[in-house]
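Enquirer: Letter by letter, the chains look like this.
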Amino acid sequence: MSDEVLIKKLPNGLVLLGHPMGHVGSASLTIRLPIGCSDDPAGNEGAAAVGAEWWMRGAGARDTRQLNEALDVLGCCHSESAGTEYMTFGASMLALRLPEVMAVYGDIVLRPRLGEENFAACRDLTLQDLESLEDNPGHKANVMAHERYMPHPFGNPLYGSEQSLSALTAEDTRGHLLGRLSPHGTVMAVAGRIEWGEFCDLAERYFGDWTADAPPPRETGQAKGGFEHAQKDSAQTHICVAQKSVPACHPQFEAARVAVTILSGGMSSRLFTEVREKRGLVYHVSTSYSMVRDYAGLFTYAAMLPEKAQETLEVTVGELRRLGDGIEQDELDRAKTQLKSSIVMMGDSTSSRSMLLANNWHFLGRVKTMAEIKNEIDAVTSKDILAYLEAYPAKDFSGVVIGPEMPDMSAIQ
Amino acid sequence: MNFRQEKLANGLTIVAEINPDAASMGMGFFVRTGSRDEDASVAGVSHFLEHMVFKGTDTRGPLDINRELDNLGATYNASTSEENTFYYATVLPENQDRIVDLLCDILRPALRAEDFNMEKNVILDEIARYEDLPHFKTFEKTMATYFRDHPLGNSVLGTNESIGALTLEQMRGYFNRRYSPGNMVLAGAGNMDFDGFIEQVTEKCGSWQRFDVGRELSAAPGRTDTVVVTDTNTARQHIGAMSPAPSRQDEERYVAHIAATIIGGSTNSRLFYALVDPAIADMASMTFDGLDGTGAFLTYLSCDAERAGEVVDIFRRELKRFMDEGPTDNELIAARNQQAASATLRSEMPMGRLMRIGFDWTYVGKYIPVDEHVEKLLSVTKEQVLALVRRYDLLAMSMYALGPIEKL
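For the record, the sequence lines run as chains A and B.
With my numbering applied, the first sequence corresponds to residues 1 to 413, in that order.
With my numbering applied, the second sequence corresponds to residues 1 to 408, in that order.
Source of the hints: derived by calculation from the structure; they are not laboratory data.
Treat the hints with caution; some may be incorrect.
[To be verified] Which bits of chain B does chain A cover? Going by a derived footprint, with three or more residues having C-beta under 8 Å, they are: (1) 21-28; (2) 34-40; (3) 45-52; (4) 68-79; (5) 170-179; (6) 306-315; (7) 364-375.
We put the CB at the ideal spot given by N, CA and C, even for glycine.
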């Protein structure tokens, strides 16, 4: 498979990224707009999430139903979501439908109706999403841990609060969303059976006339930090703890990725082996790496029967710390194989590939080829990982416990 | 795309869809066994056994399998449902021999007492995990309500009591009754060497003893009960509904699939416009669940507790209206194109291909190319959809509600 990454910047600032994949019949499009929950105005948290619902309620000449129908008739599988730093539109289709789908997305991105008549319902759906978190305590623990760990405004709650959502008006929300809508900071990535020249022509045709000033930069403040116990009469205790890590642009990023894989990359990983396989403490324990452009953290989540909370916490954090004591050669080799293999296997998925292109651009301001990523992983040594762990040791945790009782957290201080 | 098949003397069927351009190859054992094949004394054993399959064989210890899978850089997992247990892995093509060796070996597990006792803790924790997920519980209990007194109403996970009391001897007995090579299909997909595959599988699995395996296929009762479970610890009102539909073997499954998409697809469906678009409910989706010898339409609704009555009224009204009028031309075309494209996109990944050919063979005993699926979806007519929903009667349903409300 070709490893060629194509890049073009239109005069209006819009960035186009492409990866032609000859052996597939589909094309996938990822469009990232610079509108995330970290941009929500103070007191109006939840605006981006409401925006992601509202955005698909009609665009250009089409109302909600006509828009959904147009995409379905084209066989376009689509999704829309708001995240911390951007709003993402994903679309996968047979490649021959790409020109027509691009025309529809021209309307969606540039001419959303954001009509008053649909606003209250979209705000209400976001309020229901917020309430639904209560019925998924594992997810909620992870969300709350992010809110504590990430520096302001990256710790903004995606769905806001009951109060902030009630404070939103159609007019203010529309003004906020359209105020950040700009080709500057927007990325459009395509992967699959594409002709790059034709794709660029389509992008020029539907997005070339788009002009707007760059959205204002974000001002960064402090993280909340600390621990929180949300009392709940649940069957399990859900614990999520966060520790500092490095973002993708940092020179120690690949070492961090390999370290996380050794900890939690598969069923032979340290956490799975020590917490689940050898002690039977949990069904689920994992560490995941999470980042925005300039900040990153490792989030370790475990859920267990309440009577096992203390032991699980101590064994789990013990493993996070033990990593700094040394790494076996076979663990290192295994982690590298896992990472490289997953990257190659991604070559069968146009949607994963287009998302990776957009992520790379956002986090690095450029796109790595698969060969480059593989070489960087290969180059990581045990020494690199230990140096990373020395600089970013497993301490100064913040986090969240949801469950009947808070375990004794002094064990991990 | 190149289809190949082979059957070993002991009854193990091997099917594969080969694509030399793919970046990976996948393989999976589809065992025709699940919670519907359990009696109450071993409730949950199919799923527990699925965990034990990763715990070692005569030549591999409990941690060896995990380590080997990760050494191969494999993507792997297993899952258990009411009627299937599925073990799979995807690897780079150069690791084909090693993954075949490993997966074939683990399907003859050692089932050691020490591992069994340790893993029992994990299963009990998994049961607790789903206790905290009312959405998942609603699906399980809706099935239990609709299929009451039929084996399809059995819980996949079992209960604290049934798992607590389960013995290793019972699990061995279950394995020896269900894991016959004639009761499973081995499927492969992607960039693979089929001749080498067959040679190796014959060597590894050819000695497995065949025995007869049955399945209770009595007609499903299709209850029309309503069960309300009040739980004020649950924030949202969760409601499941189930009504009759064609089986997974029935040619009309394509029609049922399109009908469910028009009524309850995630966007652009009757339920979406009636309930989600105006924010009366935050979820309202219907899917077609084709099963062995029977089938069902399964709907999930989630809303504020105080609006539950209104949501159910609208839901029923929409079903009634659909049975009166059937789909419009636009709805039919949109649903057909959307589902046909999804089927094609899923099939681009070796994993998607693997699941399609494995489950098609398990249920209908033949290979169906993706183009044939697409053609059948695209040829569904308005008349067929209308006739089907009237004949199966969407309103002949059971409902299960979990959340703050006391009655529905």
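Enquirer: Decide, hint by hint, whether the structure agrees.
Expert: Structure-based check of all given hints:
1. Three residues within the 8 Å Cβ limit are the bar, and the stretch 21-28 of chain B against chain A gives 4, so the coverage statement holds.
2. Under the rule that three or more residues need a Cβ within less than 8 Å of chain A, the assignment of the stretch 34-40 of chain B is violated, with 0 such residues.
3. Coverage of the stretch 45-52 of chain B by chain A is violated in this model, with 0 residues showing a Cβ closer than 8 Å to a Cβ of that chain against a need of three.
4. Counting residues of the stretch 68-79 of chain B whose beta carbon lies closer than 8 Å to any beta carbon of chain A gives 7, which meets the minimum of three for the stated coverage.
5. As drawn, the stretch 170-179 of chain B meets chain A at 0 residues by the rule of a beta-carbon pair under 8 Å; below three, the given contact is violated.
6. Look at the stretch 306-315 of chain B against chain A: 0 of its residues bring a Cβ nearer than 8 Å to a Cβ of that chain, fewer than three, so the hint is violated.
7. With 0 residues having a Cβ less than 8 Å from any Cβ of chain A, the stretch 364-375 of chain B misses the three-residue criterion, and the hint is violated.
Violated hints, listed in ascending order, are 2, 3, 5, 6, 7; each of the other numbered hints is respected by the structure.
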